[in-house]
Amino acid sequence: MGSNYRNRMAYEVDLVFCIDATMSMDPILDKVKKNALNFYQDFQNIMSGKGKKVNQLRIRVVAFRDYTYDSDKAMMVTNFFKLPERAKDFETCIKSIFPEGGGDDPEDGLEALAYAIKSEWCNGSAKKRHVIVVWSDDGTHELGFGSTEVNYPKNMPKDLNELTKWWGSKQAPGLMDENAKRLLIFAPDKPGWNIIRDNWNNVIHAVTDETDIGLSSVEYTEILDAICNSI
Amino acid sequence: MNKKLNEKGWFYLSIGCILISLLSLFLPIFQSYGISFNIIDLISGNSYFAHNVIGAYTGPVIWNITSDTVAVLAIVAIVALVCAIVGLITLRAQYPNTKNFILTITGLIGVLIPSVTAIICVVGLGQYYPGGLSLGIAPIISPIAIIVSIGAVVRRKNKVAEELHKKAEEKGLIWKAGDL
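From first to last, the protein sequence lines are chains Z and E. Heads up: the first sequence begins at 1 in the numbering used here, then just goes up one per residue. Heads up: the second sequence begins at 1001 in the numbering used here, then just goes up one per residue.
Careful, some of the hints might be misleading.
What the hints assert, rightly or not - Partial selection, computed: residues in chain E whose CB lies under 10 Å from chain Z:
hint: 1; residue: L1164
hint: 2; residue: K1167
hint: 3; residue: K1171
hint: 4; residue: G1172
Source of the hints: derived by calculation from the structure; they are not laboratory data. Bear in mind the structure is a predicted one, so any value in this text is a computation, not a measurement. All C-beta atoms, glycine included, are put in the ideal place defined by N, C-alpha and C.
Next comes chain Z alone, as it looks inside the complex:
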C-alpha cells in the first residue's frame, strides 16, 4: 500500500461551493462554518483512506439568494482559497455569510451554477478534478427570472439550454474540462436540479427530503464522503 501510494499520481482538486444563503439554510451554513478550519485535514484523511493523494486543494464559494428580493446580496462570490495556507481566510469568508432573505421558495441556483462553471479552474496537473457542490433546500427559478432587476449580471446564459452548453458533454465539450468536471447536488427532487440530473453528465444528485428545511439532516461526514467519492 505504501509504495503504491507513493507512485500514484497526485490530484489537484478545485471545489466550488454553491450555497443557498437564504433564511432557511442556517443548518448547512452552520455545519460548513464549524468545519471550515479543519476541512482540509478531514478531506485529506478521507482521500488518503481511499489511496488517493491530493497535492493541491482549493475552495471557492458562491453564495446565492434571489435577485428579485435580495438586491445586492443576491449573489456573492470569492476567489479560490488554497488550503491549508488560506484556511483562516476561508473561515472568515464563510462566517461572513449569514442566512437571510430569499423571498419566495425557489432561488437563483442556476445563476450560481453559471458563476461556478466560469471559475478560474486549475489547469496544471493531468489528474485534476473540478467539483461544483450545490446546497439548497428548494428548487430553482428559471434562468433569467430576475433579469429585469438592475443588479442582474450581463452575459448570463439566457436559458437552461445555454447553461447546458456551458456545462457541455463528451460530444460537445463546454467551458469546463470534460474529464475533470463533476457536479454534486444536495437538494430536493425539484425543478432545476432534477432536470440537470437527468440531462447533464458527471452529475450526482444526493436527493434530500423536501421537508428537510436547511438540509439539517445532511451530516458533515456525509458531505465529505460524497465530495471525496466524486473525485
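Based on the hints, put chain E in the right spot on chain Z.
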C-alpha cells in the same frame, strides 16, 4: 472605553431589561376591590385574592388558574429566564450562531407568558369579577422591558452579521458578483 461600552451595551441593556421585568413582579400585578396583589400574593395563595377575587369569578371557565397554576407559570418564567440569560452570555462570548439566538429569544418570549396571561385575564374576562379586576403596573412594565431586550438582541445579531460581512468584503475575500 467608549467603544467597549458600545460593543457590550446591547448585553447590559438586555440584562437590565430582564432585571426590570423581574423586579416589576414585586409591584402590583392585579388590582381588585382597591387592593393590589403582587407575585408574592399570587404564589403564596393569598386567601383574600383566592376567595374574594378568583372565588367570586362569574364568567366562563377557560382555564382554572389556581395558586398551583401560578406557581407553574412562575417556574416556566424562571426556566425561560435561565434560557434567556444563558443565551445572552453565550451570544456575548462566542461567534453568534442561530441556536444561541433562538435560545435567547425563546427564553425572552417565555418570560412574557405570565404577563400575557395576566393581560388576557383582565382585558378579556375582567368584567366577570364582581370587584372588578384591573392590571397593576407589572404586566405593563414587564412586556415593555422584554420587548426592548428582544430588540437589543436582534439588533446585535444583525449588527454582528453586517460587521463580519463588511470585514470580509474590505479584506477582498468576498464581493457582489459582477457580470460574467
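Cross-check of the supplied hints:
1. At its closest, the beta carbon of E/L1164 sits 5 Å from a beta carbon of chain Z; the interface hint therefore holds under the 10 Å criterion.
2. Annotation: interface hint on E/K1167 holds; nearest CB of chain Z at approximately 7 Å, less than 10 Å.
3. Contact between E/K1171 and chain Z, as hinted, is supported at the beta carbon level, the nearest pair being about 7 Å apart and thus within 10 Å.
4. For E/G1172, the interface hint holds, since its Cβ comes within 10 Å of a Cβ in chain Z; the closest pair sits about 8 Å apart.
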